[in-house]
Amino acid sequence: MPTGEYLLEVRSEEIPTRMLEPGVKELATRLFEELMARGLGPRQVETGYTPRRLVLSLSGLPEKEPDREEQVLGPPVRAAYNKDGEPTPAFHGFAKKCGLPPEALRKVSTEKGEYLGATVKTEGRPTREILAELVPKLLSEISWAKTMRWSSLLGGVGDVGPWVRPIHGIVSLFDGAVVPFALFGVTAGDETVGHPVLSPESFQVTGAAHYRRELAARGIEVRPAERRRSLLAGMEERAAAAGGTLVEDGALLDKLVAICEIPGVMEGGFDERFLDLPAEILQTSLRDHQSALTVEKDGKLLPRFLTVMDRPDDPAGRVRSGNEWVVAARLADAKFFFGEDQKVGLALRAEQLQNLTFQDKLGSYKDKSERMSRLVQYLCKLLGGTVDATVAARAAGLLKADLPTEMVKEFTSLQGIMGGLYARLEGEPEEVWQAIYDQYLPASTEDSIPRGEVGRVVSLGDRIDTLVGIFGLGLIPTGSRDPFGLRRAAQGVVRILLEGDLPLDVEAAVIEAVKLYGDRLSRTPEQVLADLWPFLADRIRHVLGLKGYAYDEIEAGLAVKMIDLPDLKKRVAALHQARTGADFLSVVLAAKRIANIVKDAPAGKVDPELLVEQAEKDLYAVHNRARREVVVLADDYEECLAEIAKLAPELDRFFVEVLVMDKDPAIKSNRIALLQAIGETVSRTARLTEMVVDRTEHRANVGAMAEAGGAI
Amino acid sequence: MQTFQDLILRLSEFWAGQGCVLQQPYDLEVGAGTMHPDTFLRVLGPEPWRVAYVQPSRRPADGRYGDNPFRLGKHHQLQVILKPAPADIQRLYIRSLEAIGLDLSVHDLRFEEDNWEAPTLGAWGVGWQVMLDGMEITQFTYFQQAGGLELSPISAEITYGLERLTMFIGLAKSIYDIAWVDGVRYGEVRHQDEVESSRYYFEVADVAFYQQLFAGMEREARRCLDAGLVLPAYECALKCSHAFNVLDARGAISVTERVGLMKRVRDLAVACAKAYVASREALGFPLLKGTAGTPASPANPAGTEVAHAHG
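So the protein lines, in turn, are chains A and B.
No gaps in the numbering here: position 215 of the first sequence is 215 in the working numbering, and each next residue is one more.
No gaps in the numbering here: position 287 of the second sequence is 287 in the working numbering, and each next residue is one more.
Treat the hints with caution; some may be incorrect.
What the hints assert, rightly or not - Capping the alpha-carbon separation at 27 angstroms, the derived lysine-lysine pairs in DSS-like fashion look like this:
#1 A/K409 - B/K263
#2 A/K25 - A/K137
#3 A/K409 - A/K255
#4 B/K74 - A/K335
If you are wondering where the hints come from, they were derived from the structure by calculation, not from laboratory data.
If you're wondering where the values come from, they're calculated on a predicted model, not measured in any experiment.
Construct the complete structure from the given sequences, taking the supplied hints into account.
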């Protein structure tokens with residue numbers, strides 16, 4: 001019985017793990033959209049993959065496209081018949097084009113006169129035909145991150161591709177019958193194979209359920225979520241059996257899921273003597289070299305590791321002994337590096353930094369270290385002496401000393417961490433080694449900022465030095481080109497200042513950083529600031545946006561003179577709070593109106609004697625009060641905005657009752673001066689004109705009063 | 001127990017059975033089997049080619065004075081080129097592992113993405129590192145470009161790391177312990193070489209001399225190219241590449257110099273590649289005979305068992 005099921009399996013040589021999921025998703029999405037556009041929406045779309053297979057199964061597809069009826073206009077009636085009323089060649093041409101007999105044509109009246117018309121019925125095409133066209137096209141169009149060409153199956157005839165890897169077989173079945181097509185010399189059919197070593201014989205499949213059953217019988221699972229579940233459960237079980245718990249690593253687990261089609265758990269052990277190594281090293285070595293997870297007990301690692309094997313079992317114990325052999329060799333290397341590095345010591349490594357180029361024109365990492373030491377002392381001063389400048393300078397001097405270590409050369413992902421560990425072993429104070437350890441935080445959105453104040457200041461110093469140096473050479477990141485990772489550096493600066501609540505004068509810090517570069521830079525401090533500020537502002541928008549503030553709130557905050565980042569955040573937060581109040585929204589609308597009125601007017605001063613109407617006298621009075629309050633309240637922005645909201649009734653009344661553009665120029669300028677003063681007062685916390693207000697909603701809130709009179 | 005020598009013999013025999021020319025190691029210092037002209041130059045142009053050979057590969061900076069049980073300044077690769085790559089090349093590769101005595105039904109074999117790139121050769125390819133029980137035993141690459149030229153047909157390159165593979169099969173604790181042949185250990189054959197080469201490349205090699213050698217060989221390569229001598233020019237380019245590696249091991253190349261020197265080697269490699277294709281074209285692509293006139297019929301795809309006719 002037809003169920004409208006389509007099964008597609010594309011077998012290829014091993015597709016890179018990182019490309020599998022995006023590839024199959026893109027294929028499924030595009031096929032779904034194309035089918036929907038033809039009225040062929042499936043009820044269900046399921047996807048799956050292994051390194052060697054992309055799998056798609058659709059169900060509930062109609063048998064064919066819906067039939068269509070289309071009204072078609074032909075030639076004008078006067079051209080369709082000759083003088084004698086006989087059909088002309090134009091008449092017959094139209095009939096032929098429509099594929100209809102002459103009697104099926106009729107006259108249609110339109111605005112332009114009478115035309116020949118016809119109803120053309122198109123029978124929907126069978127779904128299988130459409131699939132046979134669509135699937136190979138969409139398959140060949142998947143946008144792989146990297147593609148290749150290969151020699152076609154016919155060998156030497158020519159190369160085919162580009163695609164991610166050579167294709168070996170295609171199963172394409174609609175309700176059990178092959179939907180034929182060919183792609184890169186491979187013809188679609190109903191045969192597939194099992195695991196290349198364990199079950200390489202080919203077999204026929206009849207549909208999705210049968211396909212899954214046959215693969216399951218060979219231990220193969222095409223659904224990555226199932227493989228993940230099975231691997232995780234297996235690993236947790238093994239970890240528990242060893243008396244510990246699995247140290248979770250979601251990203252690594254995803255990679256393992258994508259690397260196998262049979263999710264076998266591989267458990268191995270290593271010599272306890274390697275447990276002398278810091279956990280960071282063990283985990284990195286096991287993760288980077290062996291794609292293995294670790295097991296811990298009471299916060300300490302057990303001498304075990306867990307990874308995947310693309311087979312269900314290890315009958316000869318050979319997979320395990322092989323993995324253990326490799327791990328032992330790797331850990332022996334790591335232990336050797338760890339020992340050698342300690343013999344050398346960080347002080348000597350810091351000296352070796354003179355041979356390591358930071359940037360051609362900006363000198364070595366030794367130069368950078370010296371600049372950073374001076375810069376962080378200045379930052380400590382700017383921050384008002386809450387952070388010990390000597391300690392910060394010490395940390396800054398050793399910050400990059402781990403770059404020439406053997407361990408970091410082997411595992412770049414351990415940079416910073418190694419420096420911190422070595423500094424701790426050398427007896428550096430906690431603040432110093434932690435600052436070194438945490439220096440690259442936050443590296444991602446999930447990361448927190450460095451844990452200590454010294455660490456925060458030192459991290460800032462490092463990033464500001466880099467940003468200023470590269471911007472100082474005019475090498476500003478554009479589009480996706482950001483070789484120095486400046487976006488991440490800037491984002492780090494913003495997050496550390498905001499989350500660390502550090503009231504740093506960024507402008508002063510930048511100017512000092514430029515100065516410390518001496519004559520290495522090609523730009524002046526002003527030029528650097530002019531380029532750097534919009535770059536930082538973009539990061540601020542991004543970070544505050546992630547914290548839940550609306551775009552217009554952030555813009556309004558950024559539009560007033562920046563004191564420091566925590567202050568900016570307070571303004572934006574106050575705005576976020578205040579905007580729900582109806583009075584506040586009235587003031588926002590008034591502010592926009594005021595901005596329009598005063599935009600080209602010269603600055604003036606209010607003369608109370610020239611105030612005529614009661615409404616303007618009242619507004620003058622409440623504004624005077626508000627202005628005083630706002631000054632007194634200073635950085636209590638929520639209260640400031642509350643004060644400003646109190647202006648709403650008088651402002652609204654003013655606009656209803658008073659005509660700003662009075663015939664008397666003196667009265668007119670006086671009114672404009674009053675509005676200018678109010679405009680300044682209401683935008684002390686944030687520039688209210690940047691706020692976006694839904695006027696209809698607002699009108700419902702505050703009633704018709706404000707809108708009733710157009711005073712201008 | 002599988003010896004180092006067994007591995008060489010069995011792999012050679014296997015690939016000879018696939019119609020490969022069993023070539024000998026190149027008699028110049030090279031960093032990898034890819035630099036052998038029977039790979040680097042033969043993958044260019046339309047002519048079919050199958051070759052296998054052992055290539056001692058020198059990486060002066062990797063030397064460890066014979067102290068490190070896993071690292072060598074000179075190791076041996078078994079290099080295979082199949083051009084064009086047959087459709088069942090992976091299957092063939094798996095059979096080659098069985099040929100050296102591996103029972104894959106008890107091992108875990110995986111192909112993990114590893115794209116190969118050799119900037120000094122203007123070459124790159126797409127492929128995998130082949131992992132056996134978590135150990136990388138082979139580099140498997142579909143060449144896409146060499147000497148800056150797009151390749152067609154596409155060649156497959158299979159490179160076995162012979163020491164590693166032997167070690168891994170026997171789960172040996174040190175390279176120097178593996179048997180080269182029964183009764184003779186690898187260390188007995190090579191240890192002195194590793195110790196002395198490390199000392200030479202790290203401590204003794206005359207920097208000024210190698211700098212002159214680089215410059216001189218570069219000039220010589222250009223002279224050869226001008227004289228229409230492609231293979232001698234390429235040999236000079238290989239000499240430059242080795243001089244570069246020696247200078248690097250001596251720590252005599254600064255970061256800024258490195259880029260410039262690498263570009264000079266690449267320029268030579270690219271010039272040699274172009275000249276090679278032109279020279280083969282002038283000869284009428286001799287190896288095309290036997291394939292050009294009789295293209296493989298669809299009924300009999302250019303199969304693995306069908307040995308290619310080589311002139």
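Checked against the structure, which of the hints given earlier come out wrong? The structure conflicts with no hint, since it agrees with every one listed earlier.
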